[in-house]
Amino acid sequence: MAQNTKLTGKVVSADDGQPLPGVSVSIQGTKQGVLSDGDGNFTLTASVGQVLAFSYVGFTGQQITIPAGALPVIKLKSDNHMLSDVVIKDSYGTQAKKTYTGSAGVVKGAENENKPFSTFQQALQGEIAGVNVQINSGQPGALNQVRIRGINSITSAAAAQPLYVIDGMIVNGGADLTQRAGGTLSPLAGINNNDIENITVLKDAAATAIYGSRGSNGVIVINTKRGKSGKTEVRFDAEGGISSNLPLPDAGKPLTPDQYRSMFNEAFVNSGQYTAAQITALGTSYGLNSAGNNWYDLVTKRGSQQQYNVSVNGGNEKTRIFTSAGYFTQDATVLKSYLKRITGTLNLDHTVSKSFSIATNLNVSSINQNAPLQGSAYYSSPLASAYFLRPFQLGYNADGSINSSVTGNANFPTSSNSNPLYIAAHDVRGINNVRLLGAQTIKWNIWDQLKYTGYASMDYQTNEETSFLNAQMGDARSLNGSGTSQYSRYANWLVRNQLDYRYNIHGVEDFYVDASVGYEAQKSAGYLNTAYATGYPLTQPTLTAVGNAATPATASESTSNYTFDALYARANINYKNRYSLSGSFRRDGGSRFGTDKQYGSFYSVGGAWNIDGEDFFKKQNILTTAKIRSSYGTTGNANALANYQWRPTAGYGFNYNSANGQAYNTVGNPSLTWESSKKFDIGVDFGFFNDRLLFNVDYYNNKVDGLIQLVNIPWESGFGATQTSQAQNVGALQNKGWEFTVKGVPVKTKDFSWNVNLNAAYNANRMTKLAQNNQVNGNYWLANNYDYYTYYTRAYAGVNPANGNALWYTDAGRTSTTTNYSAAARVPYGHADPKITSGFSNTFNYKGIILALDFYGNFGNRISDSWSYYLNDGTYITGANKYQYTWLNRWTTPGQVTDVPKNVYGGGSSSNSSSGSTRFLYYGDYIRLKNVSLGYDLKNLDVVKKCGISKLYLYARATNLWTKTYDKRLPFDPEVPINGYNTEDIPQIRTITIGLNVGF
1 MAQNTKLTGK
11 VVSADDGQPL
21 PGVSVSIQGT
31 KQGVLSDGDG
41 NFTLTASVGQ
51 VLAFSYVGFT
61 GQQITIPAGA
71 LPVIKLKSDN
81 HMLSDVVIKD
91 SYGTQAKKTY
101 TGSAGVVKGA
111 ENENKPFSTF
121 QQALQGEIAG
131 VNVQINSGQP
141 GALNQVRIRG
151 INSITSAAAA
161 QPLYVIDGMI
171 VNGGADLTQR
181 AGGTLSPLAG
191 INNNDIENIT
201 VLKDAAATAI
211 YGSRGSNGVI
221 VINTKRGKSG
231 KTEVRFDAEG
241 GISSNLPLPD
251 AGKPLTPDQY
261 RSMFNEAFVN
271 SGQYTAAQIT
281 ALGTSYGLNS
291 AGNNWYDLVT
301 KRGSQQQYNV
311 SVNGGNEKTR
321 IFTSAGYFTQ
331 DATVLKSYLK
341 RITGTLNLDH
351 TVSKSFSIAT
361 NLNVSSINQN
371 APLQGSAYYS
381 SPLASAYFLR
391 PFQLGYNADG
401 SINSSVTGNA
411 NFPTSSNSNP
421 LYIAAHDVRG
431 INNVRLLGAQ
441 TIKWNIWDQL
451 KYTGYASMDY
461 QTNEETSFLN
471 AQMGDARSLN
481 GSGTSQYSRY
491 ANWLVRNQLD
501 YRYNIHGVED
511 FYVDASVGYE
521 AQKSAGYLNT
531 AYATGYPLTQ
541 PTLTAVGNAA
551 TPATASESTS
561 NYTFDALYAR
571 ANINYKNRYS
581 LSGSFRRDGG
591 SRFGTDKQYG
601 SFYSVGGAWN
611 IDGEDFFKKQ
621 NILTTAKIRS
631 SYGTTGNANA
641 LANYQWRPTA
651 GYGFNYNSAN
661 GQAYNTVGNP
671 SLTWESSKKF
681 DIGVDFGFFN
691 DRLLFNVDYY
701 NNKVDGLIQL
711 VNIPWESGFG
721 ATQTSQAQNV
731 GALQNKGWEF
741 TVKGVPVKTK
751 DFSWNVNLNA
761 AYNANRMTKL
771 AQNNQVNGNY
781 WLANNYDYYT
791 YYTRAYAGVN
801 PANGNALWYT
811 DAGRTSTTTN
821 YSAAARVPYG
831 HADPKITSGF
841 SNTFNYKGII
851 LALDFYGNFG
861 NRISDSWSYY
871 LNDGTYITGA
881 NKYQYTWLNR
891 WTTPGQVTDV
901 PKNVYGGGSS
911 SNSSSGSTRF
921 LYYGDYIRLK
931 NVSLGYDLKN
941 LDVVKKCGIS
951 KLYLYARATN
961 LWTKTYDKRL
971 PFDPEVPING
981 YNTEDIPQIR
991 TITIGLNVGF
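The letter at position 654 of the sequence shown is residue 654 when you use the numbering used here, and the numbering goes up by one with no holes.
No lab work stands behind these hints: they were computed from the structure. By construction, the Cβ of each residue, glycine as well, lies at the ideal position given by its N, Cα and C atoms. Check each hint, because a few of them may be wrong.
[Said to hold, decoys possible] Here are the in silico distance ranges between beta carbons for each label pair: (1) N548 to G230: 56 to 62 Å; (2) L938 to E317: 30 to 36 Å; (3) T815 to T892: 27 to 33 Å; (4) A53 to V697: 56 to 62 Å; (5) Y966 to L567: 47 to 53 Å.
Construct all of the structure, not just a fragment, from the sequences and the given hints.
As C-alpha cells, this is what we get:
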C-alpha cells in the first residue's frame, strides 16, 4: 500500500496568475478534501498515484495524478460561459466571491483598456450598480465626483468621496488635497488604465468596516497587473484621434449677431424709456453696426488625443514580473487646455523559498496640465466668455491682430468683459505633478496554517503650480497683473503587520475558520508654500515669474499632517462553501479626532447561504446557482474633518501699545470626531443556464449619524467677533435603496456571441436630524425628511398672456399670483442628486469582429444654471448674450401663451423676470451612448502567425456619440456637478479614435 504523505500546493488563475481562494481540492474516490486559502494554498494528506480534483466557480475543473515529487502549481482556466466574479481582493486579503458575505462589484481592467479617458473614474461610470460618477468637465485630467450609494456626508464635496486604495495603499485620492490655485487636476490622474488588473468597489459594512473610520463612503480598490509564469508576453498599444465639444442643446445656443441686435433694440423699445434716436445711438456705441462674431466658435476648437503603451509580462514559478511604460496626451477643445502624462509601472513577485516570498510594486507618473480659469466665478473663463461677451465685441481687429482695447462698449472696458483670445495668449496656468507610489510586501508561511504578511508603502506627490494673470485685461487688470507660485509636497506612508490563521475543524470535512489580526499605522505629511505678487511690467508680457512683480503680496509656508493607528481583526467561517459567517473589528485612532474622542471601534457581521449546495436544490433544473447574503455593521468618515479642525488655537496680531498681543482665534472642539454610519444590506444572487445568465439584487439602508455641522455660539464665549459658529457632530441622514445587476450571454455559437451587462440603482436620500431644522442653506432647503440637495426657490407661475409680465405664486399651495418677485413664495422644489443611475453594455463578437456599445442613464433629479439671471430675458441685455430658448419663446403678442416673459431692458416685473425661481430648474434625466467600438483581431491570418504575433487587434472607437434629454428648455449638457448647478465649465467632449494592439 502506498504511504500517505503531507502535500502542499497552490492554485492560480491561468489567465492572470493570481491566486484563487476557496478552490475545492479533493482526492478522487474518497471523501477527503480541503479548500484553498486566501493565497491559493492548500495542504492535505495523500499518496503518490492518487488523483486530485480541482473545482471552482467560474473555472473549468481539472484533475492531476499526484507525482512522486512536489506538486506543480495548478492553473485553472476560466470558463467563458460563466460570468460570476471569482474573488474579492482588498487591502487585507483575498476572499472567494462564492462565500463572500458582503456587497461588492468588480470591473476587470481589460474592459477599460485603451479607452480615451484621462482618469479611470470616467471609464468606471455606469459599470457597477450604486456607483454614481459625475463627469462634469471636459478638462483633461479633471477631478471627478464619485458617490457610492448616495451622499453620505454634507460637510463638503470632498468629504463625500470614497476611500481609494491602490495595491494595498490607502492614498490621498478622494479629495484634491494638493492644489490651491483653483486647479482641476485629479490626484488619481497618474493611474494608467492599461496597468489596471481590476477595480473592486466595496459598498456594505461587511466589505468596508475593516477600513474603520474611513470606510463610510465606500472603498474603491485598484489592483494593478502582475506578472505570471510562462512565456514572456510583450504588448504594444497605440491610439490616436480627434475630439470635439458635444453639440449645444438648441435651447442653449447663443444668439447670432442678427438675433442679438434685434433683441437688444426690442428690449429698449419695450422699456418705454428711450426714443428711437437714443436706441440707435446706444446700438452704435455697442458696435451693433458691425458684422459681429461667434464667440463660442472662437473659444472652442477641434481637439486631439494620443496614447501609447508598452508592457512586458512573464517569468517562472519563482520570479514573475510585469513592467510597462505609457504616454498619454490630450489637447482639449477649448483654448489653452491640455494634459500630458508619462507613466511607468514595475511589479515584481519572487518566491524565495517554500516559506518566504516578496513582492514589489512601483508606479511612477509625471503630469503636465494646463487649464484655463473655469466656472462662471471667473470672468476670463473661455466658456463663460462665450455667453457673457456680446457678439459685437470683436475678438480680432481688422488687421487680424487680437483685440486688446479696453475702451469703448464695443471692446473690453471692464474686467468682467475680457477677450478670452488675449487671455489665452498672455495668461499662464499650469501644474506639474510628479507621483511615486511604491510598496514592499513580505510573506512568511510560519507553518501550514499560520502566515505573516508585512507591508510597507509610500505615496509621494509633488505639485508645482504656476498662475499668471496679465496686466492688460482680465481678472487681474486692476492689480496691474498678478502672479502666483505654489508648491505642495505630500509624503504618505503606511505600514501593516498581519497574521492569518486557518483552523480546520477536526472531524468535519471542508469546515474551517480563517482568522486575521493586524496592526496598521499611517502618516501623511504635507508641506505647502506660496508666493503671490502684483504689479507686472506692461512692456514685458513674457516676464511672468513672481520675482518680476513690483509688489510682493504674500509669502507663506505651512504644513498639514494627519496620522492613523489601528488594530483590526477579521474572521470567516466556511462550511463546504455552503454556509459562511463573517465578522470584522477595527479599533481606530486618528489625529483628526478631538482629544475627548480620539479612538473608535467599528465592526461588521455577515452571513451567506449558497442554496445551490443543498441536496434539494439539485432536484430542480431552473437555477444553476443561488445565494442569499446579508450584513450589518458600522463605519466612519474621517474625511469630513480637516486636519486641525478640532484644535482650539490662539494667534498673534492682537497688538496693543506697540507690543505683541495674543488671543484665541479658533474655538475648536475637543469632542469633534468622525461621522458614523450604520449599514444594513441584504442581497440575493442567482444564475441560470450554467451561470450564463446572472441576477444580483441588493437592498440597503445606511444611517449616518454625527454629521458635522456648524452650530452658532454665543458672543459671551468671547469668539463672537471672530467666529460665530463651532463644528459639532449633531446631524444625521439616511440613504436607502435598491441595486439590480443582470449579466448574461444570451447567444453563444461557434461563430457568434453576445454579452450583456445591465445595472440600475435607486437611492432615496433624506435628512433625519439637523442642528437647526427648516433652514435655508444657500439655494437649498435643509429640513428633516427632505433630500439634502432639495432646491429652495421662488415658485414661478408663468407669463401673463395679456401683457407678458412674469408671474410668481404667493403661497406654497399655488392659489394666487403676483408680479412682485419679493412677494413670491419660496418653496422646496425637486432635488439635485439623481434617484436612479444605470448602465447598459453590449458586446457582439462575430468571427473576431467585435462591436461594443456602452450606455449610461441618469434619472429623477433637477438641475439649474448658476448664471440664468444674466442669460435670459432683457435683464442684462447690455452685458451678456442670451440663450436661444429665450429668443424663440419670448412673449411678443397679447394672448400668447409662453413661459418666457416680455423682453424688457433691465428685466420685466420690476427687473426680476430672470431672477432665480422654479422656472430655471430643469429635468436632469438623460441617456448617453458613452462608448462605441468596432474592431477585428487579425491574429489568425497566416502572415501574422509567421511573424510570431499572438495578437493584432485593429479598432475604431467613439465616445459620447448620442445623448437623449427630456427637457426641451434645457440650455446645457445635463451632466453637471453633484450639487446640480451648471457653472460654464469646459464641456464634455466627443472623441473619435483608431487604435492598434499588438502582442508577441
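Evaluated hints:
Between N548 and G230 the beta carbons are some 59 Å apart, a value that agrees with the proposed interval 56 to 62 Å. In this structure the supplied range 30 to 36 Å holds for L938 paired with E317, their Cβ-Cβ distance being about 33 Å. Remark: the range hint 27 to 33 Å for T815 to T892 is upheld by a beta-carbon distance near 29 Å. The given range of 56 to 62 Å is broken by A53 and V697, whose C-beta atoms sit roughly 33 Å from each other.
A beta carbon spacing of about 52 Å between Y966 and L567 agrees with the range 47 to 53 Å that was offered as a hint.
Checked against the numbered hints listed earlier, the structure breaks hint 4 alone; every other hint is satisfied.
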